[in-house]
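**Student:** Here the sequence shown is numbered in this note's numbering, starting from 1 and rising by one per residue.
Honestly, the hints are just simulated from the structure, not real lab data.
Incorrect hints may appear among the rest.
Derived pair list, reagent style BS3-like, types lysine-lysine, alpha-carbon separation capped at 27 angstroms [to be verified]:
hint, residue 1, residue 2
1, K57, K163
2, K57, K26
3, K103, K14
4, K220, K26
5, K14, K138
6, K138, K15
7, K14, K137
8, K163, K181
Beta-carbon label-pair distances, calculated as ranges [stated by the list, open to error]:
hint, residue 1, residue 2, range
9, E74, K41, 19 to 29 angstroms
10, K68, K14, 23 to 33 angstroms
11, F142, E74, 17 to 27 angstroms
By construction, the Cβ of each residue, glycine as well, lies at the ideal position given by its N, Cα and C atoms.
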Amino acid sequence: MNGYMVFWSQDHVKKLKAAGDNGPIKVVYGGCHSKEPSLKKIKVGDIIFPVALEKEKLVVMARLPVEKLENAFEYQLREVGMPCAAIIPEGTMTISDGPFTEKDGRFIAYHDGSGYLAKTAVPDGITRTIDLDTLTKKDCAFHQMPITCCSETAAVGNGSTIKARPIPEEKVPLLLFGNTKSSLKGLGNGKSGKITSVSLSGFVRKMSPETFEIFESLFKDE
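The whole structure should be built from the sequences, with the hints applied where relevant.
**Tutor:** Printed below as a string of structure tokens:
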């Protein structure tokens, strides 16, 4: 079991609060965007800790034990009611009305392309077609909606409440991340050593065992 850290921007945290979403956390998405980096390192049994910056202080927003890793499109279809912003898996095509449907036919999208039926041939290998206009969005938590339009993987589990848990300032310099002992680094950005959104975003960071213990200690009474 390993601990991993992902970053939630201030804008995303504000949206969570505005939506009244205080968990429990059920999913973290990964993909190819800096706001939703790849979860390829993550395995079932690992723990994901989303973090944020509040008034330049590092806070841990939630703890998610990973019980399942699945395609983000399939997760959204089941739990959200529709694939809101996930990469369409190979073999699947979506179809829907668009602004030019009357002239060019309905709009289709698939793993590596899209277009209107009158101008776009349905690719070979399509085994499933989903009519988006027949789907209804379910009553889901705000965090179950992806941050970006290119979600690929969903790390699923039953986690903690979502709220800011400050890391004690004296502990922050002790936080180390890296895939191996020899690659462990702190979170400081450049010569200043200051932790910023730039130094936190873009990666899923594996924690050292000692860092993992510091993060876990924030949840010992929950």
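**Student:** Can you give the numbers of the hints that this structure goes against, from lowest to highest?
**Tutor:** 3, 8
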